[in-house]
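Chains as they are written, first to last, in my numbering: chain A, 1 to 111; chain B, 112 to 223.
Treat each hint with caution, since some may be false.
As the list claims (entries may be wrong) - Footprint (simulated), chain B over chain A, 3 or more residues, beta carbon under 8 Å:
| no. | segment |
| --- | --- |
| 1 | 19-29 |
| 2 | 58-69 |
To be verified - Straight line, CA to CA, 27 Å or less: simulated DSSO-like cross-link-like pairs of lysine-lysine:
| no. | chain 1 | residue 1 | chain 2 | residue 2 |
| --- | --- | --- | --- | --- |
| 3 | A | K56 | B | K182 |
| 4 | A | K103 | B | K168 |
| 5 | A | K3 | B | K166 |
| 6 | A | K68 | B | K166 |
| 7 | A | K106 | B | K166 |
| 8 | A | K41 | B | K168 |
| 9 | A | K3 | B | K168 |
| 10 | B | K168 | A | K56 |
| 11 | A | K41 | B | K124 |
| 12 | B | K182 | A | K103 |
| 13 | A | K106 | B | K182 |
Keep in mind the hints are simulated off the structure, nothing from the lab. Where is the CB? At the ideal position from N, CA and C, for every residue including glycine.
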Amino acid sequence: ELKVEQNPLFLSMQEGKNYTIYCNYSTTSDRLYWYRQDPGKSLESLFVLLSNGAVKQEGRLMASLDTKARLSTLHITAAVHDLSATYFCAVDQGGSEKLVFGKGTKLTVNP
Amino acid sequence: DVKVTQSSRYLVKRTGEKVFLECVQDMDHENMFWYRQDPGLGLRLIYFSYDVKMKEKGDIPEGYSVSREKKERFSLILESASTNQTSMYLCASSLPPGWVQYFGPGTRLTVT
């Protein structure tokens, strides 16, 4: 059974600081996704990582994938308040269309 | 832009009622999904449909059924609502194989 673990689950950081969110998964997978959810809103796709060593960047967020370690990271550079949200990683179940989501990391960026 | 819409943002139902949640997507996606989201538990897949009239159980299908009569529409049915089905319900759609899932705005269902 595929398990997806994110840590930390809660993250409070100051503006301007850097931090990393980790996503570990338990079985081989072809694809890893990162989503963002603002309070009271739905999920918005950030990144899709398809191969070992894949790195994608958008603004202050950079995601990477190490399939051998079964680990993805979401790195935040020089955080700003607008990045406050809950971030989810999700992994496909062995080539299936079905995804298993982590529990999410609630990020709060303080001025 | 992909648009996934859900019939209600907020819904209050009584225990034992039959509840229908509707989801419509406008991008001709083959795959459609129903999730529930609960604090501390993340998103859990209830049912998945990969074509009209085709469905697969997700991780928590008990107490739910689904219907997909047309490609653009996927309905989640609570046959007899119970208080433990109070939750946020999210619908999503995607193209195979394994493309990004696009989510609707969610329906917050309260069962009293």
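Does the structure keep B:K182 and A:K103 at a Cα separation of 27 Å or less?
-> 30 Å, violated
Taken at face value, is the distance from the CA of B:K168 to the CA of A:K3 at most 27 Å?
-> 18 Å, holds
Taking only the CA atoms, is the gap from A:K106 to B:K166 under or equal to 27 Å?
-> Violated - the C-alpha atoms of B:K166 and A:K106 are around 32 Å apart, more than 27 Å.
Take the segment 19-29 of chain A, compare each residue's beta carbon with every beta carbon of chain B, and decide whether three or more fall closer than 8 Å.
-> Our answer is that it is violated, as 0 residues pass the Cβ test (under 8 Å) against chain B, missing three.
Hint consistency between A:K56 and B:K182 [alpha-carbon to alpha-carbon, up to 27 Å] | With a Cα-Cα distance of about 32 Å, the restraint between A:K56 and B:K182 is violated, given a limit of 27 Å.
Pair hint A:K106 and B:K182, alpha-carbon separation not exceeding 27 Å = 35 Å, violated
Between B:K168 and A:K56, is the straight-line Cα distance small enough, at 27 Å or below?
-> Violated. B:K168 to A:K56 sits at ~32 Å, over the 27 Å cutoff.
Quick one, are A:K41 and B:K168 close enough, alpha carbons at most 27 Å?
-> With Cα atoms ~26 Å apart, A:K41 and B:K168 stay inside 27 Å; holds.
Satisfaction of hint between B:K124 and A:K41, Cα-Cα up to 27 Å = OK: A:K41 and B:K124 at ~22 Å, within 27 Å.
Pairwise hint evaluation, B:K166 against A:K3, where the allowed Cα distance is 27 Å at most = Distance ~23 Å between A:K3 and B:K166 Cα, so the pair holds.
Satisfaction of hint between B:K166 and A:K68, Cα-Cα up to 27 Å = 32 Å, violated
At a Cβ distance under 8 Å, does chain B reach at least three residues of the segment 58-69 of chain A?
-> violated (count 0)
Comparing the model with each numbered hint stated earlier shows that hints 1, 2, 3, 6, 7, 10, 12 and 13 do not hold.
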